[in-house]
Amino acid sequence: MDERPVSPALKLLAFLMFAFLLAPLIVVVPISFSGDSYMMFPPSSWSVKWYPAIFLDGKMTAAFWTSLLLACAVTVLCLVIALPAAFALVRLRPRGAEALSSLFTAPLLLPTIVLGLAILIVFARYGLLATFPGLVAAHLVVTLPYALRVLATALSTLPIAVEEAASTLGASPFTVFRRITLPMMKSGLIGTTALCFLVSFDEVVLSLFMTGPRIQTLPVAMYHHVEQQADPLVAALSVLLVVLTLLVVLVVDRTSGLAKTFVK
Amino acid sequence: MTDTSTAPGQGFLSIRGLTKRYAGFTAVDNLDLEVPKGELVAFLGPSGCGKTTSLRMIAGLVPATSGRIVVGGQDLTEVATHRRDMGLVFQSYALFPHMSVAKNVAFGLEMRKVPKDEIAKRVKEAIALVHLTGKEEHRPAQLSGGQQQRVALARALVIRPSILLFDEPLSNLDAKLRDEMRNEIRDIQRRLGITAIFVTHDQSEALTMCDKVVVMNQGRLEQLGTPVDLYERPKTAFVASFVGRTNRLKAVATDGFADFGGQRFAAPGDLSGPVEVMVRPHRIALAPTGGEGVAGTIMRATFAGDILQYDIDVAGQTVSVELATRGGETVLAPGTTVALSWRPQDVFVYGAAA
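These protein sequence lines map, in sequence, to chains A and B. With my numbering applied, the first sequence covers 1 to 264. With my numbering applied, the second sequence covers 1 to 354.
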């Protein structure tokens, strides 16, 4: 980034934007330390009892493990599917590669509620509703486009001469991919992993269609919890999730640079 | 690193009828070339002339439409790049950014499953050869452009390739570094007796470094020869004007004489009709009017220190003349009439381009 003087007006605008985005979080943090038994701002008394309460709530902990496992499975599958797909689209350039990559990113443009309904209708017929494989499949619909986009961009910005150099030095195409292409895509791979994990872990709308009494993800469990009782437990959980997300972002930033990973 | 185990004749590169056609145009058209072992041959031409495509076909990075590529008696036309045993030095260096200098250089040897202790020894030698001892653990990004190109050279040399290919390796370097690298590449290539192809669009690079030069234009080989051949005996108008600077004059030829603006002079060859006559600016002598030669009028005189440069009007065409200064000469004023003359071997006559 170039260091350029920033006008005070722009600084103010940026401050207001951030305030707008972060204000709800600022309200959630004090509520999570509330001593009341229902959500109220500002709280009338203070306590930390809602944090341990999360871990005593069987539904919440079960939902957390479901979501964690789900996000991990979705992330791994996403990489396994999107990496060869991105390679094929960018490097092998089949006829209609442009059209194909638009098609593959199309789910991002559809309202999630429409996707959810469509998936509900199709999955119901095959008994996939409220099952773990069903959830994985549904989440892949929204995470794959991101993965493909980020990986295709990472791949297309790699100088092809470096791979050619490796092949003149005696590396077979597979060795070139493993020893040269993959390490050079490191930041793209880390970015894809973080993005897929977070999108899957935070996904609400599709999961609402897909979950039931048998299986619940954390965001859906939180949603139902708020519907039934308005205690500050959800606020405490939200703070934990924000911390978790920040940790992921921090790890990405430390390992490969956030701007380099997502903005490129 | 000297390789004496190879018998004479091996590593001999033979290119026969090499052609590359893309939809709508022919990038390389029926290229024939024999390169003896140990020679450095330049592919010289303007951008789009097919020189890089030819090199990439030799390396196997671009499949040939037709023709054969034979190295040391072995036909490599259908062999995959990674089995061709060629070293390629790229314009963009193309180093592996995630590996140290030593790892970059070792890569080709690892691919050849050379034992570890021998890899260490050969990498050390190669790095010393390009004067980078001490930089082994640096990443490419920590090196200057010239140093990066040295790493690329060491990486290509260390595998003892049958042929070393250079794709405009000096174009990204600044002028001073370019001269330095030019000499270094030439020295190393001679010392190792390695057969090499050097692609460039810079005629001075081709002339000063290479044993032979292939001049290419629009996918075709215009002329193959030593630098002296190309400069003194250019076969085509394209070669005459691309290699070195030259005056191009329109004239009409009859019976060994050329005629422009009513003035005749000896023009070798048996062409008749409209021709293009070429004379290099520093091969023209000037004399006061009345002497032997073609009459002209000085339009502009430029004193540039080591040379004195005149633009002279000869029957409506401008002829550029350059005289080496020795001190004490008078600069002729514009408007002065002079006689221009040249030795018969310094004039080239070609059929006029349609």
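Careful, some of the hints might be misleading.
What the hints assert, rightly or not - Just a few of them, taken from the derived set where beta-carbon distance is under 10 Å, the chain B residues facing chain A:
#1 Leu-33
#2 Lys-37
#3 Arg-56
#4 His-82
#5 Met-86
#6 Gly-87
#7 Val-89
#8 Ser-92
#9 Tyr-93
#10 Phe-107
#11 Glu-110
#12 Asp-167
#13 Pro-288
Said to hold, decoys possible - Which residues of chain B face chain A? A partial, calculated answer using Cβ under 10 Å:
#14 Met-111
#15 Lys-116
#16 Thr-254
#17 Ala-285
Everything labelled a hint here was simulated from the structure, so no lab data went into it. We treat Cβ as the ideally placed atom computed from N, Cα and C, and that holds for glycine.
Task: Hints violated by the structure (listed by number, smallest first) - done: 1, 2, 13, 15, 16, 17
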